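Novice: Each chain, written out:
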Amino acid sequence: MLSFLIAEIPRLFTIYNVILLLKAALTTLSLSAVGCVIGLFFGFLLSIARLSHRPIFWPLKALALIYVEILRRVPFLITLMIFFFGAQVLGFNISALAIAFISTSVISTAFVAEIVRAGLRAVKPSQMEAAAVMNFSAWHSFWHVRLPQAWPLILPPVFGYFVLFIKDTALASQVGVLELTQAGKILNTKGFSASLVYGAVLILYFIISYPLARFGAYLERRLGASRHSRPRRAI
Amino acid sequence: MAHLDIRGLVARYNNATVLDGIDLSIERGEIVSLIGPSGSGKSTLLRVISGLLPPREGTVSLAGETINYADRRSLRRSRDKLAIVFQQYNLFGNMNVLRNVMVAPVTIQKRDKKTVEAEARALLDKVGLGDKLTSYPDELSGGQQQRVAIARALCLKPDILLLDEVTSALDPERVGEVLDTVKMLAADNMTLLIVSHEMGFVREVSHRVAFMADGKIQEMGPPAQIFGAPQQPRTQAFVSRILGH
Ligand SMILES: Nc1ncnc2c1ncn2[C@@H]1O[C@H](COP(=O)(O)OP(=O)(O)OP(=O)(O)O)[C@@H](O)[C@H]1O
Ligand SMILES: [Mg+2]
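So the protein lines, in turn, are chains F and Z.
Be aware that the first sequence starts at 1, since it is given in the working numbering, and climbs by one per residue.
Be aware that the second sequence starts at 1, since it is given in the working numbering, and climbs by one per residue.
The hints are simulated quantities; they were obtained by calculation from the structure and are not laboratory data.
Computed from a predicted structure; not experimentally measured.
Be aware that a few hints might be false.
[Said to hold, decoys possible] With beta-carbon atoms standing in for the labels, derived distance ranges:
#1 211(F) to 139(Z): 29 to 35 angstroms
#2 241(Z) to 70(F): 55 to 61 angstroms
#3 122(F) to 177(Z): 32 to 38 angstroms
#4 222(F) to 65(Z): 23 to 29 angstroms
#5 240(Z) to 58(F): 50 to 56 angstroms
The C-beta atom is built at its ideal place from N, Cα and C for all residues, glycine as well.
Start from the sequences, fold in the hints, and give me the full structure.
Specialist: The following block contains the structure:
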């Protein structure tokens with residue numbers, strides 16, 4: 001059995017198949033990365049809306065709350081399906097990959113928004129009071145005082161989420177996106193033995209995630225250990 | 001015309017009335033100290049003046065202009081003229097000592113960076129922190145943080161300086177230095193409102209002393225009166241307890 005598998009290795013790892021796997025791995029990685037970057041951007045907007053006290057923001061605040069609370073509780077697969085079939089029903093001609101990118105961004109936004117909000121809330125109000133008394137505008141206070149102190153609290157968990165989310169993007173194969181899991185399925189149906197193919201897929205997932213996880217742990221040590229936040233040096 | 005004029009000031013946290021009708025009038029260049037038991041509302045009064053807690057009733061006027069705390073422009077104008085040193089210092093944790101002192105003059109007041117830096121260095125030298133410019137607040141002792149906070153407030157060049165327990169974390173030697181700084185400010189005609197438990201300090205620097213209790217100013221007068229011949233029984237009790245007779 002083992003010798004059979006070993007004999008199959010050169011047949012599996014032809015240039016064509018290797019490129020297929022690597023491209024799929026890249027898709028997997030970018031699904032998570034794009035999701036998190038966009039999630040970080042909109043997550044910030046949502047949490048700023050949720051933290052503001054000004055009446056004009058109240059509708060936005062309610063919307064942000066509903067968005068975050070619902071989407072964090074819906075399985076990724078369901079979001080994906082809703083976007084996929086929703087686009088079909090509404091007659092949009094969008095590729096499955098685009099659907100996957102949109103879905104990952106929508107989901108990450110909800111999760112990252114929560115992380116960002118917690119980070120911003122953790123900055124002591126007296127810090128913002130000191131700024132206010134010195135006539136800092138809301139923007140100056142946010143940019144010079146609040147954000148630099150929240151950043152070290154936000155970045156490590158966002159990174160952790162990003163690494164975990166890599167696994168979840170496998171679900172994009174359900175709508176036909178050629179990511180790593182889907183590539184495994186394809187090679188498997190071409191007749192390569194499942195253990196070999198999925199072994200290779202497993203190793204690729206590990207190769208993607210592990211260095212990122214280590215880097216995240218490093219960030220956490222680095223930012224957490226420096227008791228004050230020195231964003232310019234730390235990041 | 002009084003430089004700082006407070007009339008009938010009432011302030012509450014939720015439903016607890018902390019300031020219950022404060023009247024206080026301070027002349028330009030005058031040094032007034034607030035003394036009183038813990039929880040009597042001294043810090044709260046400074047918070048109300050600086051616009052961190054809106055008053056429920058009464059008015060605060062600065063150089064003849066009544067501050068409208070609901071109006072951002074009015075509040076901004078008043079904050080341009082005053083600086084506060086908080087009881088908890090509230091230095092910015094993400095900035096080193098020099099940047100803590102420079103950030104508002106440069107970023108907010110838009111003063112020339114070189115000039116501000118020279119002033120900031122001079123001020124920090126004067127409070128004995130010339131060698132700590134690149135330290136972060138959590139690398140400093142309480143007394144050192146307090147002195148940075150004083151330098152930060154002075155670098156704003158306020159007309160009125162509010163000092164909350166500015167000597168509490170200082171050793172006696174440093175109290176002397178702060179005392180000298182305060183006297184020098186007085187000579188510059190800066191108006192000072194000081195909260196302190198350090199009676200020696202209060203007696204030496206103040207033109208007048210106000211004794212606060214139960215959200216009211218119970219008695220006010222020159223240090224000789226408050227410490228030597230207090231009129232009110234509550235003042236007598238407080239002063240004799242704190243002076244240890
Ligand atoms: N943020 C707050 N929320 C609710 N109550 C508060 C708050 N801050 C202060 N208080 C209450 O207001 C009262 C006055 O507090 P304040 O800090 O002004 O006293 P203080 O005279 O400065 O005391 P100390 O000498 O201990 O500094 C206290 O009873 C306190 O519990
Ligand atoms: Mg106090």
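Novice: Each hint: holds or not?
Specialist: Hints versus structure:
{"no.": "1", "hint": "211(F) to 139(Z): 29 to 35 angstroms", "verdict": "holds, 33 angstroms"}
{"no.": "2", "hint": "241(Z) to 70(F): 55 to 61 angstroms", "verdict": "holds, 60 angstroms"}
{"no.": "3", "hint": "122(F) to 177(Z): 32 to 38 angstroms", "verdict": "holds, 35 angstroms"}
{"no.": "4", "hint": "222(F) to 65(Z): 23 to 29 angstroms", "verdict": "violated, 49 angstroms"}
{"no.": "5", "hint": "240(Z) to 58(F): 50 to 56 angstroms", "verdict": "holds, 54 angstroms"}
When the structure is compared with the earlier hints, a violation turns up for hint 4 alone.
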